[in-house]
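Here is how the chains run, residue by residue.
Number of protein chains: 2
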Amino acid sequence: MGKQTFVIVGGVAAGMSAASRIRGLKKDAEILVFERSNYVSYAACGMPYLIEGKVSSSKDLVVYDSRFFKEKRNIDVFLHHEVVKITPTTKSVLVRNTETGEEKEYSYDRLLISTGARPILPPIKGLNLNGVFTLRQLEEGIAVYDYIGTKKPKRGLIIGAGNIGMEMAEAFSARGLNVTIVEKMPSILGSMDDEINEVVEEELKKNGITLIKLKAVVEFAGENSVVKEAILEDGEKVQADIVIIGAGIRPNAEIATEAGVEIGQTRAIKVNERMETSVTDIYAAGDCAEAYHLIYGRNVYMPLGTTANKQGRVAGENMAGGDAKFIGVVGTSVFKVFGLEVGRTGLTEKDAMREGKDFVSNVIEHNSRAHYYPGGAKIKVKLIADKRSKQLLGAQMVGREGVSKRIDIFATALSAKMTIDDIANLDLGYAPPFAPVYDPVLIAGSELLKKFESIR
Amino acid sequence: MGKQTFVIVGGVAAGMSAASRIRGLKKDAEILVFERSNYVSYAACGMPYLIEGKVSSSKDLVVYDSRFFKEKRNIDVFLHHEVVKITPTTKSVLVRNTETGEEKEYSYDRLLISTGARPILPPIKGLNLNGVFTLRQLEEGIAVYDYIGTKKPKRGLIIGAGNIGMEMAEAFSARGLNVTIVEKMPSILGSMDDEINEVVEEELKKNGITLIKLKAVVEFAGENSVVKEAILEDGEKVQADIVIIGAGIRPNAEIATEAGVEIGQTRAIKVNERMETSVTDIYAAGDCAEAYHLIYGRNVYMPLGTTANKQGRVAGENMAGGDAKFIGVVGTSVFKVFGLEVGRTGLTEKDAMREGKDFVSNVIEHNSRAHYYPGGAKIKVKLIADKRSKQLLGAQMVGREGVSKRIDIFATALSAKMTIDDIANLDLGYAPPFAPVYDPVLIAGSELLKKFESIR
Chain A
9 MGKQTFVIVG GVAAGMSAAS RIRGLKKDAE ILVFERSNYV SYAACGMPYL IEGKVSSSKD
69 LVVYDSRFFK EKRNIDVFLH HEVVKITPTT KSVLVRNTET GEEKEYSYDR LLISTGARPI
129 LPPIKGLNLN GVFTLRQLEE GIAVYDYIGT KKPKRGLIIG AGNIGMEMAE AFSARGLNVT
189 IVEKMPSILG SMDDEINEVV EEELKKNGIT LIKLKAVVEF AGENSVVKEA ILEDGEKVQA
249 DIVIIGAGIR PNAEIATEAG VEIGQTRAIK VNERMETSVT DIYAAGDCAE AYHLIYGRNV
309 YMPLGTTANK QGRVAGENMA GGDAKFIGVV GTSVFKVFGL EVGRTGLTEK DAMREGKDFV
369 SNVIEHNSRA HYYPGGAKIK VKLIADKRSK QLLGAQMVGR EGVSKRIDIF ATALSAKMTI
429 DDIANLDLGY APPFAPVYDP VLIAGSELLK KFESIR
Chain B
9 MGKQTFVIVG GVAAGMSAAS RIRGLKKDAE ILVFERSNYV SYAACGMPYL IEGKVSSSKD
69 LVVYDSRFFK EKRNIDVFLH HEVVKITPTT KSVLVRNTET GEEKEYSYDR LLISTGARPI
129 LPPIKGLNLN GVFTLRQLEE GIAVYDYIGT KKPKRGLIIG AGNIGMEMAE AFSARGLNVT
189 IVEKMPSILG SMDDEINEVV EEELKKNGIT LIKLKAVVEF AGENSVVKEA ILEDGEKVQA
249 DIVIIGAGIR PNAEIATEAG VEIGQTRAIK VNERMETSVT DIYAAGDCAE AYHLIYGRNV
309 YMPLGTTANK QGRVAGENMA GGDAKFIGVV GTSVFKVFGL EVGRTGLTEK DAMREGKDFV
369 SNVIEHNSRA HYYPGGAKIK VKLIADKRSK QLLGAQMVGR EGVSKRIDIF ATALSAKMTI
429 DDIANLDLGY APPFAPVYDP VLIAGSELLK KFESIR
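One line per chain: the protein sequences are A and B, in this order. With positions in the first sequence counted from 1, the corresponding number in my numbering is that position plus 8. With positions in the second sequence counted from 1, the corresponding number in my numbering is that position plus 8.
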């Protein structure tokens with residue numbers, strides 16, 4: 009057998025993790041990575057902080073550049089190269105150099121589709137005006153940063169009150185902009201429950217952010233091709249010198265569909281725990297693919313950088329002949345908005361209702377540190393558990409400190425399918441500067457147990 | 009059946025938790041708590057911070073006073089009352105009022121021994137000099153605070169480099185004292201491994217603390233009954249105007265022994281998961297009792313406030329006729345020393361060796377936040393896992409931030425008997441201000457997995 013060729017379509021988190029893992033296992037294989045943009049292996053989640061000015065240079069967001077991969081790992085990265093067709097019958101890809109327009113065919117033994125996702129563009133007129141941005145590729149983050157520096161916008165508008173919307177509200181605010189968020193749904197952070205959302209809304213208000221809910225933007229109007237205002241569905245106008253569209257993302261799965269690769273109900277690429285698609289020798293990983301959810305018990309679409317990295321590594325190992333499994337996700341995410349830390353894992357109450365689960369839930373508030381130790385803050389914790397088995401289904405938290413890693417305690421408990429009894433009895437670390445004797449995690453557990461007792 | 013009488017011997021963490029739980033389940037029972045000292049239900053762990061000046065008043069450390077228990081929970085608390093004898097045959101206790109010397113007998117239906125622990129006093133001459141303190145009861149913490157305020161000591165000496173020794177070094181330093189720690193063992197933090205200890209020693213040095221290891225103090229010498237210096241076994245002298253003895257604690261189990269209650273090999277009171285002792289209707293909980301350790305698989309003596317609270321609650325529930333279980337501990341503890349957070353859970357390498365375990369261990373260092381986000385710090389993580397099953401046996405961490413709750417992720421994993429594969433695949437929260445894409449917890453897991461692969 010000659011030298012094996014591995015082709016990677018898309019070189020960000022999943023793609024470069026896979027490529028590196030393949031190289032680790034196959035010293036003499038040929039590894040070709042085709043990346044449409046100008047960057048590989050960048051930290052997309054860092055863009056709000058680049059724009060905010062907390063990151064000194066966009067270079068800091070590039071984990072490794074293409075030269076590093078060539079020199080240190082002998083991985084051939086083709087920037088500005090787009091794979092336009094995958095032909096499983098001949099095991100080849102057609103690749104276009106987006107700078108020259110030249111097209112060339114490459115053969116593969118095994119292929120990874122790691123094409124990521126793209127922003128959902130709501131049906132709004134004037135999306136092409138200058139000053140209207142999406143935030144997906146690093147180039148876009150840099151463009152927003154430069155636009156603020158050179159055009160000095162005064163009023164920032166954010167479409168969508170999800171995690172990115174929150175982070176961008178803080179970033180714009182830090183750059184001195186007056187910020188408005190428009191969310192067409194009844195609540196912010198669609199995925200979270202009201203007890204958490206109300207705390208976040210209060211924090212936005214305290215920081216001078218205007219939040220408009222239950223209204224869609226229908227048009228951006230401008231002067232000399234530069235955005236000046238947004239027109240809402242009821243005719244209300246919101247002035248804006250810069251706009252970020254943060255209305256979610258959808259998987260880049262078209263090229264997979266055309267190649268005959270099965271797409272899941274989520275519209276992302278269907279994969280098994282080995283990250284194999286329905287087509288032999290074609291794997292998928294990252295934001296274009298589904299992930300198995302340990303609590304839902306089925307594949308979901310929850311694109312996140314951590315998952316992309318892990319899936320890429322599993323795909324790479326299996327492509328190189330190994331036998332790795334991506335165990336699954338439990339839906340953990342955290343974000344910072346002004347002085348708040350917000351986290352979730354597993355199912356919210358809304359999720360549990362949608363799933364028809366029979367559940368019990370409870371909300372508590374407790375100190376992050378011993379009450380007498382300075383600097384502590386209240387943490388709000390919501391837990392949801394299965395009514396019959398008492399198995400934890402999900403947790404949500406919000407507070408000024410101590411949320412981001414405490415949510416991971418619940419994420420770990422979800423993975424282990426722990427019950428609320430297990431959680432209330434955890435042997436957690438205690439010292440006055442870090443926690444009260446009864447940590448908010450334990451209080452949340454024991455108070456939910458009391459609720460179970462009261463309904464028995 | 010008439011009104012039941014519950015007697016609690018010792019009213020701090022375990023005792024008052026039990027009393028409160030009994031009252032919650034038995035509205036008309038008689039609940040008598042006898043407490044030798046002047047306080048019930050105080051936060052003993054807060055004393056170093058009281059001395060440091062971070063806690064504004066000693067009153068802040070008293071969670072509830074005896075009046076609260078009488079008025080709100082109808083629990084009769086007798087301060088300055090010492091139980092001098094327990095007679096199981098007649099189900100009675102003999103109690104001495106330590107202020108008047110009066111003795112009185114009380115009958116019980118069920119009894120809890122929650123007598124706590126007392127400081128181990130090393131064989132040093134001159135322990136009775138003024139300025140030599142132990143730190144166990146709240147009165148002692150207040151006395152140290154007052155002594156510093158009135159006598160203005162310049163040089164503080166701490167005997168023992170355990171958690172309390174570390175916290176007191178910081179407290180003395182904050183009050184402007186020159187601090188020396190003398191530890192007779194070869195390493196500080198007896199329970200931790202060298203990779204962690206070396207970081208802590210460096211931090212002590214950076215903060216001007218003198219550490220003397222492998223030497224015992226044999227005598228305190230004074231002038232006019234006030235301590236002036238300590239004399240080490242090799243004749244070296246260390247000047248000291250105030251001394252804290254932090255050489256560990258031992259269980260107050262004598263009264264239990266005299267009553268015929270079985271004592272474990274640890275010298276603490278032997279209990280089952282219901283917190284029952286070997287004698288019918290006598291329970292024990294807190295620092296005088298053993299605790300089942302989920303990783304050792306046997307009872308151990310690891311006195312901690314969190315355990316005392318949980319054991320007290322379980323004892324109270326069972327004394328009142330319920331059926332609660334204390335599942336066990338995994339040996340989690342955290343402390344702060346100057347700019348460092350230090351944590352451990354489960355077995356150290358030293359512990360694993362002593363147990364004759366066949367294990368694999370590894371140490372990594374990784375960022376607490378995304379590398380480009382300001383304010384992060386390196387965290388050092390040591391993991392120990394069973395060589396055959398890959399089950400996690402223990403974790404230790406040290407760093408300038410992000411340790412205290414990350415250690416709880418491992419504590420949860422230990423409770424769930426997770427393997428290193430499980431840990432490397434955890435779905436932990438990620439956002440640049442709080443964690444890198446690969447959290448130190450995940451890196452520690454995947455690097456230990458690589459070590460497993462390399463020895464296969």
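Since the hints were derived computationally from the structure, they do not count as laboratory data. Note that the coordinates shown come from a computational prediction; the quantities given were computed from them, not determined experimentally. Mixed in with the good hints there might be a few duds.
A pair counts as met if it fits within one copy or between any two copies, since identical chains are not told apart.
As the list claims (entries may be wrong) - Okay, derived cross-link-like pairs now, EDC-like style, lysine to aspartate or glutamate, Cα gap no bigger than 16 angstroms in a straight line: (1) 398 - 90; (2) 333 - 430; (3) 192 - 455; (4) 333 - 242; (5) 386 - 211; (6) 35 - 209; (7) 459 - 38; (8) 112 - 270; (9) 245 - 113; (10) 213 - 154; (11) 458 - 110; (12) 425 - 284; (13) 99 - 203; (14) 458 - 331; (15) 358 - 325; (16) 214 - 270; (17) 278 - 262; (18) 358 - 202.
Practice task
With 16 angstroms as the alpha-carbon cut-off, assign the pair residue 425 and residue 284 to within, between, both or neither.
Solution key: neither (26 angstroms within a copy, 30 angstroms between copies)
Exercise for the section: Pop the pair residue 214 and residue 270 into one bin, within, between, both or neither, using alpha-carbon distances up to 16 angstroms. Expected result: Cα proximity of residue 214 and residue 270: none, with 47 angstroms in one copy and 60 angstroms across.
Problem - Alpha-carbon proximity context of residue 458 and residue 110, limit 16 angstroms - result: neither (68 angstroms within a copy, 42 angstroms between copies)
Handout entry: Homomeric proximity label, residue 386 with residue 211: Cα distance no greater than 16 angstroms
Key = Result: close within a single copy only, 14 angstroms intra versus 30 angstroms inter.
Practice task
Indicate which option fits the pair residue 333, residue 430 if close means a Cα-Cα distance not exceeding 16 angstroms: within, between, both or neither.
Solution key: between (27 angstroms within a copy, 11 angstroms between copies)
Problem - Homo-oligomer pair classification [residue 38, residue 459; C-alpha up to 16 angstroms] - result: neither (59 angstroms within a copy, 27 angstroms between copies)
Exercise for the section: Check residue 213 against residue 154 for me: Cα-Cα at most 16 angstroms, and say if that holds within a copy, between copies, both or neither. Expected result: neither (27 angstroms within a copy, 46 angstroms between copies)
Handout entry: Status of residue 90 relative to residue 398 across identical chains (alpha carbons, at most 16 angstroms)
Key = neither (50 angstroms within a copy, 43 angstroms between copies)
Problem - Intra/inter-copy verdict for residue 358 and residue 202 if alpha-carbon distance must be at most 16 angstroms - result: Within. Shortest intra-copy distance 9 angstroms satisfies the 16 angstroms Cα cut-off; inter-copy 48 angstroms does not.
Practice task
Have a look at residue 278 and residue 262 and pick one of within, between, both or neither, based on CA distance no larger than 16 angstroms.
Solution key: Only inside one copy: residue 278 and residue 262 sit 13 angstroms apart there, 66 angstroms across copies, limit 16 angstroms.
Exercise for the section: Using 16 angstroms as the alpha carbon limit, work out where residue 358 and residue 325 are close: within a copy, between copies, both or neither. Expected result: The answer is neither: 37 angstroms in one copy and 35 angstroms across copies each exceed 16 angstroms.
Handout entry: Status of residue 242 relative to residue 333 across identical chains (alpha carbons, at most 16 angstroms)
Key = neither (50 angstroms within a copy, 60 angstroms between copies)
Figure legend: structure checked against the earlier numbered hints; hints not met, in rising order: 1, 3, 4, 6, 7, 8, 9, 10, 11, 12, 13, 15, 16.
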